[in-house]
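The listed protein sequences correspond, in order, to chains V and D.
Its first residue numbered 1, the first sequence is counted upward by one per residue in my numbering.
Its first residue numbered 1, the second sequence is counted upward by one per residue in my numbering.
Check before you lean on any hint, since a few could be wrong.
Claimed, not checked - Just a few of them, taken from the derived set where beta-carbon distance is under 8 Å, the chain D residues facing chain V:
1. E70
2. T169
3. R170
4. S172
5. E173
6. V257
These are computed hints drawn from the structure, not numbers from a lab.
The beta carbon of each residue, even a glycine, is placed where N, CA and C say it ideally should be.
Below, each chain spelled out in residue letters.
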Amino acid sequence: MIDARERVTGRVPYTINVEMPGMLHAKLLRSEMAHARLTRVDASRARELPGVVAVLTGEDIVAMGSIQPRFGPVLRDQPILAYGKVRFVGEPVAAVAAVNADIAAEALDLIEVDYEELPAVFDADAALADGAPVIHEEPPHPGPTFADIILHTGAGSNMCNHFKLRRGDIDAGFAEAVHIFEDEFTSPAVQHVPLETHACVASHEGDRIVIHAATQIPYILRSQLAEVFRLPQSSVRVIVPTLGGGYGAKCYPNIEPIATALSMVARRPVRLVLSREEEFVTITKHAVRIRMKTGLRADGTIVARKVEAHFNTGAYADIGPRLIKNGGYGTGGPTDIPNVWIDSYAVYTNLPPAGAFRGYGISQAAWAYETQADMMAERLGMDPLDFRMRNLLETGQRFATGEVVDDCHFKELLTTVADKIGWDASAPTRVIGPDNNGSGRKAVAKGISCIIKGTVTPSTSTANAKLNDDGSLNVLTSSVEMGQGIHTAMATLAAEEMGVPIERVTISQVDTDVTPYDQQTSSSRSAQAMGAAVVGAVREIKEQLVQRGAELLEAAESDVEMVDGKVQVRGAPSKALTPSEVIRGTRAGNLLGRGTFQAHGGLDPETGQGLASVHWHQAAGAAVVEVDLDTGHVKVLRYEAAVYSGRTINDVQAELQTEGNVAFGLGQALFEELLYDNGQLQNGNLGDYMVASMEDMPTELGFNILENPERGEIHGIGETSLPPVMPAIANAIYRATGVRVTDLPVTPEKLLRGMQENAAAAKQAIEAELVA
Amino acid sequence: MLDEHGDEAKVVAGSTALTIMLRNRLIDPSVLVSIGRLPGLADISADDGHLTLGSLATHRDVELNPIARERIPVLANTFHKVANVRVRNVATVGGVVAEADYASDPPAVFLALDAEIEAEGPNGKRSIPASEFFLSFYTTALAQNEIVTAVRVPVPQPGTRAVYEKFVTRSSEDRPCVGVAASMRLSADSDITEDVRVAVGAASETPQRYPDLEKMAVGKSMTEDLARSIAEGYAERIDTLDDMRGSAWYRTEMVKVWVRRALMHALADARAQA
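Okay, chain V solo, but in the shape it has when bound:
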């Protein structure tokens, strides 16, 4: 990484390091109720506390009149601070800015809140039941950020959005099927747990907003703040330091409007940094229930699939209405299924909002179809690998959205990892032990999976480049560096295109006053999208070098070319100029280049047919697990991850991204789960909520990053290798234990119970046979 030295010496500036003159510290009072009318929020005593500079309640913001009180990337349904009612435990009700954080915290205790409790709903079934309490009485108000999205919302109900996909003739498909299987799969809400929590320092003084924010979406944040505070976008300046991890948690506006509103009232900069406990109730991964009905021909090829997916989107829409599109079409899986019918729903409940999470709906979809793939193969007596090889997409075949998929490598990825772990369907399980020092019997077995994932489409990235008169290059980009290494990737591509060493390239920090538009750093899109924009910007500079160089060399422009970073007359290496000589010789000062990447596409709102992704991300995984048959405890002995990168920009970073995905997937496969009791989070701290530690990682971890040099197209890898992890591990566990767990996580307790039930059933069967 180009910032490796800064990282290891602790010199990377993060948002929490931002200090501004006169800066105040903010704290938030949060709802104790899951669903309640706010009958009284009295902050008068808090306002009188010495050291308190500003106190805001939701009603205060509404009363100001100058601020739009609600925001949200798709639907403007989330209040800056709750007014009228609260909709989840942990929702911000009041905010205090004080000269220090302790006084701000003390002031919170002086705010009195009276609630009138309302009936609440916590899962999709309850939320959609007849007579369920309605969480949003007013019809949702869509905003302009995602112009392509067409909503099917249910006004007056808890239906936040409905995505539909219809391909072929579903009834004819099932009529053609010889085998039909119907199964249900669930995945729970989990948390991103970025090392750095949400943080911002906002200053809204005079007619400008300047905000330093830990966000993945500087331009969406800018437009949202401009809208909320009714300013031109040019008056909002979003500066984004390096992030301490994002994983989707920082994808949409959240705490930034609160800090900005406080600053507006206090007329001083306001710093707001969430505690870990607050982070846990800020944004989550969607809990999902997927009902999947799949029809197979006699030979095991999939001929029809019908899916009903309920995504629990929590109390506010955030990006839920859009995520269910990906999570919905994603259930089609990497197979050309001629007849597909998908209904995917985002449902409001009284839980913290669910939003973008590494994998973006595809983890939940793949958990369903890759678990069902093994279940179906077993019912047919087929090898799970053969079953997949019969169904995996090949170049030229069509995805569920009807679009032709190009550049397919699914089969190669899957066979690569299957070979690595020595896949052998005929000898699935090896039992070892017990050994003589007290450890019991253990079963070792293998599992595989393969997934397809899209990237946000349509999408736009732009970049500027500035060639200085010493030949060094500044790249101005709004891609956010969050540990994924985007700055290193952009510097690599820019240096390569310019023909200069990477040390001569500097990548800017994000500053919307200076760095040009980028849609967002998410969806594993930046290496491809921003990469193309950066290369385009450098190319524009090279065109200018040729033009100006030709003048200086007194040659025709068509006779001049760039060779090894120099401008030279074709075929005459002695007649060459360095970029520095060109800039100085023409007194250009510097040369400026602009680059734009734009991907087009979109799906028909009634059929889900069209173009879902500018290209497709592909991954496979293979796991070897060891299960303690007395306890159900699982150790992942080996994991082989395979991902198609098209072209790898940096080998080490590609492996590290993949390793991160395995850590995320392993935790979600085996133990990660947010536990709520009547909407109150039970494990909202890092003592009670577990993420995978180094010791939990597979003993042996292999990376298989597949390139296609002929094509050279960059494919994002930030999330791609995550969705295969959970089903690969669970499929291996099934082969070790005979226990099929369809509700994540696959805990030791679920496994032990399943093994005991299986043993009891087997015993009963033998007894019945003896009686007969």
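Since chain V is already given, all that's left is putting chain D on it; use the hints.
Below, chain D without anything else, positioned relative to chain V:
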């Protein structure tokens, strides 16, 4: 100070537990009394058949201390298994016993080894056996104005082998779902068991030990079946609890597994050194 402020005051040393309680607003003391810099309380020493762990010794200190490792290796091993090195570098011996969190590892080992908790307050010093110290969730025999000054652990007789089996159901850095401390001494010239102790932690409000079940093995040769019987006895008697690491049903099952495994592990170690 503790007398002066009564229930409003909390003693703090490493503060790994206290900070979480404060942040989650489980407690709201107005006064924190830091004993972190009291001299002499961080020592680990051995004398007349006892190992004394000063209350301010950190988990990491116990884990790495050469005397502890030599005299009572199971203690060093148990402290090594707690959480991660960041926590172990600050969490103290006094803290882990005074907090009496049911899901801590060391209490079960202290109970199995007949440790005594040394306490001191305005009324002087006293020594409380581990079996009488842990009363219920987060409740100990300490008076409000007493602090733990040390834990004194008898060095087991020569030939004794002890193990601590920590079973986690989530991350390897998690607290135990069940933890079992077992020690065993075989007679010098035969395979007959002279002394057996088993303490089960994290399964119920307080760590549990049943001397009558332990005696089932004394004077006999330990077998897998005998270990299983003892384990079943523990599983029957322990009123297991439900939490996010496992249900009561699962914990009872795990008591059966891990008491048996701990006994067989201790037996294998005892035989190996014989």
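Each hint tested on the structure:
1. E70: At about 22 Å, which exceeds the 8 Å cut-off, the nearest Cβ of chain V leaves the hint on E70 (chain D) violated.
2. T169: holds (5 Å)
3. R170: Holds: closest Cβ of chain V sits about 4 Å from R170 (chain D), inside 8 Å.
4. S172: Because about 4 Å separates S172 (chain D) from the closest Cβ in chain V, which is inside the 8 Å limit, the hint holds.
5. E173: E173 (chain D) check passes; min Cβ-Cβ to chain V is 5 Å, inside 8 Å.
6. V257: holds (5 Å)
Comparing the model with each earlier hint shows a violation of hint 1 alone; every other hint is respected.
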